[in-house]
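Residue numbers (the working numbering), protein chains in the order written: chain E, 1 to 258; chain H, 1 to 113.
If you are wondering where the hints come from, they were derived from the structure by calculation, not from laboratory data. Since the structure is predicted, the reported quantities are computational estimates derived from the model, not experimental observations. It is possible that some hints are incorrect.
Pair by pair, the computed Cβ-Cβ distance ranges are [what the hints assert, rightly or not]:
(1) E:P257 - H:G93: 38 to 44 angstroms
(2) H:C92 - E:D231: 15 to 21 angstroms
(3) H:E81 - E:P212: 21 to 27 angstroms
Quick reminder that beta carbons are idealized off the backbone N, C-alpha and C, glycines included.
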Amino acid sequence: MCMTCGCGSDEVLIRGRKPLNKPKAPVSFRLHRVEAKVAEDTQRIVKLEQDILHKNDLHAQGNRELFKQHGMLALNLVSSPGSGKTTLLVRTLQALQGRYPLAVIEGDQQTEQDADRIRATGVSAVQINTGKGCHLDAQMIERALPEMPLPDGGMLFIENVGNLVCPAGFDLGEFAKVVVLSVTEGEDKPLKYPDMFRAAELMLLNKCDLLPYLTFDVELAETYARRVNPDIRIIRLSAVSGEGMDAWLSWLEEQHPG
Amino acid sequence: MHEMSLAQNVREIIEQAALDQGFTRVKTVWLEIGRLSCVEQEAMRFCFSAAMQGSVAEDARLEIIDTPGRGLCPKCSHEAEIENAYDACSQCGSYGLQLVSGDAMRVKELEVV
Numbered sequence: 001m002c003m004t005c006g007c008g009s010d011e012v013l014i015r016g017r018k019p020l021n022k023p024k025a026p027v028s029f030r031l032h033r034v035e036a037k038v039a040e041d042t043q044r045i046v047k048l049e050q051d052i053l054h055k056n057d058l059h060a061q062g063n064r065e066l067f068k069q070h071g072m073l074a075l076n077l078v079s080s081p082g083s084g085k086t087t088l089l090v091r092t093l094q095a096l097q098g099r100y101p102l103a104v105i106e107g108d109q110q111t112e113q114d115a116d117r118i119r120a121t122g123v124s125a126v127q128i129n130t131g132k133g134c135h136l137d138a139q140m141i142e143r144a145l146p147e148m149p150l151p152d153g154g155m156l157f158i159e160n161v162g163n164l165v166c167p168a169g170f171d172l173g174e175f176a177k178v179v180v181l182s183v184t185e186g187e188d189k190p191l192k193y194p195d196m197f198r199a200a201e202l203m204l205l206n207k208c209d210l211l212p213y214l215t216f217d218v219e220l221a222e223t224y225a226r227r228v229n230p231d232i233r234i235i236r237l238s239a240v241s242g243e244g245m246d247a248w249l250s251w252l253e254e255q256h257p258g
Numbered sequence: 001m002h003e004m005s006l007a008q009n010v011r012e013i014i015e016q017a018a019l020d021q022g023f024t025r026v027k028t029v030w031l032e033i034g035r036l037s038c039v040e041q042e043a044m045r046f047c048f049s050a051a052m053q054g055s056v057a058e059d060a061r062l063e064i065i066d067t068p069g070r071g072l073c074p075k076c077s078h079e080a081e082i083e084n085a086y087d088a089c090s091q092c093g094s095y096g097l098q099l100v101s102g103d104a105m106r107v108k109e110l111e112v113v
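Bound conformation, chain H alone (with noise of 0.2 angstroms):
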């Protein structure tokens, strides 16, 4: 996935919230990144520093809320954490599991000056 973009996305939405809001410094930024969103979270950590210089959000701490992949079975209706979106149901084997969540990439909220 491409991190670099993503990372400038989120300085988008800061800077916008900027203006909506008010305020002229982003002390944390609050990320959910789902385990199967395809983000790395490392990459992204690299990545937000360098989208952040030069914004209201430059310096400002990142926080990554990470939330488990969770897949429901179409077969036996199991509900379960999964690792991967591919992972077999681990009540009754069977793959093409739903996602119920872990696929999310969503800056949560802001702690601002």
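Bound conformation, chain E alone (with noise of 0.2 angstroms):
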């Protein structure tokens, strides 16, 4: 077990709409063959040159490739735990209903209570347990697409693991990650978890009809989280009072490819 987050290496599950299926066998791949050679003899020196997370990388470019045949906006959802993803995921799927065909992916540790609050909209989700692991990775995602329809044409939200530090490390294939920060946590949360930051394109300060009631510093937040990633666009919301909405559901469908 990783002694840094606790992760390891358990059975994953994915429960779809469809019967449990026994995982699929990993579709075979080829590592690339990066100018592995063997020296001479002599010296018994193989040089790799290989990049860790090579194989991750080539199962989210088969991801994307996928999305983008589709038409499909994926979009990477991470955040730590309680900000408040799947409440605003709900929310998000209920004001897009009727306007693009939409799917989730919802990972967590242990238990499918979050694909049931999504598929209480309607809205088709596969969960994905990850057991110990504390992160989906591009493979999870392969192995989870053929138990759904795909959203031709829509959205596809992957709800991450509640982690500000491993889900930062692994392409999914998504189009972008989206960081989601709850002004119950503290401002220096970008400068603590500086690498969720800087991989996110949009962070969405959340939360903030609670802002009255607390000390949090949205100023100060937001400029940490420039000095990480000075290119990050921010939208405050509020995803109970319905504040900030307007401009995240604006934000999405920018980014939508139709």
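Hints in hand, dock the two standalone chains.
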């Protein structure tokens, strides 16, 4: 088990709308043979120069091609646990229903509760339980996609495992990572977890309806986010009160390939 | 970052290389881990030995090539070593440095039998 974040190699479960299938055999892929050559026998040195995430990136590229072929906007939603991602997603789906075909992939270590909340809106959802794993990877997404009707010409939201560390490094084939920070957290989250805020194109500052009751300094949080990532877009909103949701929905429409 | 799954990726890369290159045991593994790559080196060492159990690299020595981060200032074009990706330019104080190096995670080479 990982001593940093507690993740391990437990069996990954994917629960879609269809009966639970046995995981398919991994799609065969070939690792790049990056100029691998054995030097002289006497030296017995094998040069590899291979990126550790190369395999993940190959699967991510496959996913990206598939999303493109189907004219889908695929987004990877990341945050710490409890930032309100699922509530935000439910409100977003309710606002977009009837305008776009929609689908959701939910990532959590355990339980199917989030997928059930999504399904209650009428949108199809596949739940990936990562076991001890602390993030989704591109191969899990590749395995989950056949379990759901693809939203052709629509939007696919991938809600990653609540964790501001590990999901930053794993490309799922998404168009963009969207990081959700809630005002009940600290302003300094972007500095404490810079990799995630650097990897994201958009930051949603959620639960802004609670600001009157908190000492959270919005300007400071945004300054820190831009210090880590000068190009990051920021939208202040509240999934509960609905303020700022229009800006988020407009951003989604702008990014949509159609 | 997820050192265990990264260590498992390292194992797969090594096992594939063993098939391609026809070696049966690895004595030393050189990993390049940039200081800005969000890999904790001690966690990687711990996970590496666990992930290599039962593989051709079981008992292999792990050598980590620790590369410093370098950033390029978009305003004044000054390039310098940096501790964090969000550091300010040491010359003009601007933020938003472009990473030049130091975020790599790479299996560099293996000493094999």
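Evaluated hints:
The hinted window of 38 to 44 angstroms between P257 (chain E) and G93 (chain H) holds, with their beta carbons roughly 40 angstroms apart. For the pair C92 (chain H) and D231 (chain E), the beta carbons lie near 19 angstroms from each other, so the given range of 15 to 21 angstroms is met. Checked against the hint of 21 to 27 angstroms, the pair E81 (chain H) and P212 (chain E) fails, with Cβ atoms roughly 44 angstroms apart.
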